[in-house]
Amino acid sequence: MNAVRRQSIIAAGLAQVGACGIFLLRILRALPGSLRYLRETVRQVFFVGAMSLTIIMICGLFVGMVLGLQLYHTLSIFGGTAALGTVVALSLYRELGPVVTALLFAGRAGTSITAEIGLMRATDQLDAMEMMAVDPLAYVVAPRFLAGVIAMPLLACVFNALGIFGAHLVGVNWLGLDSGTFWSNMTSSVDVWTDVMNGVWKSAVFGAVCTLIATFQGYTTPPTSEGVAYATTRTVVFSSIATLAIDFVMTAFLM
Amino acid sequence: MAQRQTFQVGTGLFILLGFAALAYLATQTTSLANYRQGPSYDIVARFTNIGQLKLRAPVKVAGVRVGSVAGIALEPDKLDAKVTLSVDDRYDKIPDDSAAAIFTSGLLGDQYVALQPGGSPTNFKNGDEVVLTQSSMQLEELIGKYLVGGDAGKAGDKAKPDAAASGDKKE
Numbered sequence: 001m002n003a004v005r006r007q008s009i010i011a012a013g014l015a016q017v018g019a020c021g022i023f024l025l026r027i028l029r030a031l032p033g034s035l036r037y038l039r040e041t042v043r044q045v046f047f048v049g050a051m052s053l054t055i056i057m058i059c060g061l062f063v064g065m066v067l068g069l070q071l072y073h074t075l076s077i078f079g080g081t082a083a084l085g086t087v088v089a090l091s092l093y094r095e096l097g098p099v100v101t102a103l104l105f106a107g108r109a110g111t112s113i114t115a116e117i118g119l120m121r122a123t124d125q126l127d128a129m130e131m132m133a134v135d136p137l138a139y140v141v142a143p144r145f146l147a148g149v150i151a152m153p154l155l156a157c158v159f160n161a162l163g164i165f166g167a168h169l170v171g172v173n174w175l176g177l178d179s180g181t182f183w184s185n186m187t188s189s190v191d192v193w194t195d196v197m198n199g200v201w202k203s204a205v206f207g208a209v210c211t212l213i214a215t216f217q218g219y220t221t222p223p224t225s226e227g228v229a230y231a232t233t234r235t236v237v238f239s240s241i242a243t244l245a246i247d248f249v250m251t252a253f254l255m
Numbered sequence: 001m002a003q004r005q006t007f008q009v010g011t012g013l014f015i016l017l018g019f020a021a022l023a024y025l026a027t028q029t030t031s032l033a034n035y036r037q038g039p040s041y042d043i044v045a046r047f048t049n050i051g052q053l054k055l056r057a058p059v060k061v062a063g064v065r066v067g068s069v070a071g072i073a074l075e076p077d078k079l080d081a082k083v084t085l086s087v088d089d090r091y092d093k094i095p096d097d098s099a100a101a102i103f104t105s106g107l108l109g110d111q112y113v114a115l116q117p118g119g120s121p122t123n124f125k126n127g128d129e130v131v132l133t134q135s136s137m138q139l140e141e142l143i144g145k146y147l148v149g150g151d152a153g154k155a156g157d158k159a160k161p162d163a164a165a166s167g168d169k170k171e
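If you're matching them up, the sequences are chains D and F in order.
Quick note, the first sequence lines up with residues 1 to 255 if you use my numbering.
Quick note, the second sequence lines up with residues 1 to 171 if you use my numbering.
Check before you lean on any hint, since a few could be wrong.
[Unchecked claim] Chain D is faced by these chain F residues, among others (derived, beta-carbon under 10 angstroms): (1) Gln8; (2) Gly10; (3) Ala57.
[Claimed, not checked] The calculated label-pair distances, taken between Cβ atoms and stated as ranges, are: (4) Gln8/F to Ile58/D: 22 to 28 angstroms; (5) Leu35/D to Pro39/F: 42 to 48 angstroms; (6) Pro39/F to Pro32/D: 46 to 52 angstroms; (7) Ser120/F to Asp191/D: 34 to 40 angstroms.
Keep in mind the hints are simulated off the structure, nothing from the lab.
Glycine included, every Cβ here is placed at the ideal spot set by N, Cα and C.
With the sequences and hints as input, model every part of the structure.
Have a look at this one:
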């Protein structure tokens, strides 16, 4: 009995992943058609990107400050506080920037995408569009997907910049590290392509994954208020898991 | 219509801000910030061992950065390292009998080339060669010397594979 149930859970999980993959292909096929609705894409970039700036900037500042504080104390044990700028920059650009931005993005923008599309599904708006010969994939889903892919790297860059600023604030202005040491060590060991752009590629992939999961959960939600609630929760859970798992795989390949 | 305009302006501002942040990260916090825009001249120095010296490592006079390492190559017949130092044109008063040495910043920091000014009345010009050079200090060699009491040749040979293995950690 137990084995059968476990098997059916695994099968259901696999079916979800498969349906999500097919949904991705359908979005990609609808992308050329969605270029007609460029205004809608611009609007979505505003909603998922510009509206997320506040939370991204505040979190970036505090992540940078806490990194500066923690690493300063750890590095001072080895007399290596001169490396503070390097360590903060590398950990932000390579890991923390893209990953934390993706997690915040899933919570801030992914949930609203799911809830919006889910309610469209529950109130039959998506079916109405199909009746009017408007492809909901091209008009509703693809612009949000594109907006996520565009917005996420930019948000991660803003996050990184604020993080560096926060680390500088704590390390140099508060703890008294030399400003020249902080910057010169950072500039001598951080590389544009292997570090900064590495993080940008990562966050573009995270943007695609997070918005894919959010739109998929909204599009396939059971058309009830409970179903929308569950779909929103699943968006955050699956987005977080997918982000961290893909981060590991991408790091292994990009290193 | 007015609302649509707001969205477009907001989106434009957001994208501008994002790219500004990216440009800031790429040009101010990475090795790109060390590129000198100004013109420079090249001088050549030969070392028997450059240790972990890397491309774009700083060249310093009296601790002040005056240029960077532009090229590292092995001289095929002499089997020594030919290091090209690219020095800013601003610093054109470096006597041509100055000595070049490879030092380490801090105990475990990155390596750099230090130019120790000589007293010659003529200065380095593009393509000149530094005659007096001092190779990088190898920690393993020093330890070997200390342990076996001056038998540096053997210890150096033994230490070399280790140095090569630790040299390829991160570019």
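How the hints compare with the structure:
Given hint, Gln8/F at the interface with chain D, holds; its Cβ is 6 angstroms from that chain's nearest Cβ, closer than 10 angstroms. A cut of 10 angstroms between beta carbons decides the hint on Gly10/F: the least distance to chain D is about 5 angstroms, and the hint holds. With a cut of 10 angstroms, the hint placing Ala57/F at the interface with chain D holds, because the nearest CB-to-CB distance is about 8 angstroms. Checking the proposed 22 to 28 angstroms range against Gln8/F and Ile58/D shows it holds: the Cβ atoms sit about 26 angstroms from each other.
In this structure the supplied range 42 to 48 angstroms holds for Leu35/D paired with Pro39/F, their Cβ-Cβ distance being about 47 angstroms. Restraint check, Pro39/F to Pro32/D: a C-beta distance of roughly 49 angstroms satisfies the suggested window 46 to 52 angstroms. About 38 angstroms separates the C-beta atoms of Ser120/F and Asp191/D, a value consistent with the hinted range of 34 to 40 angstroms.
The structure shown violates none of the earlier numbered hints.
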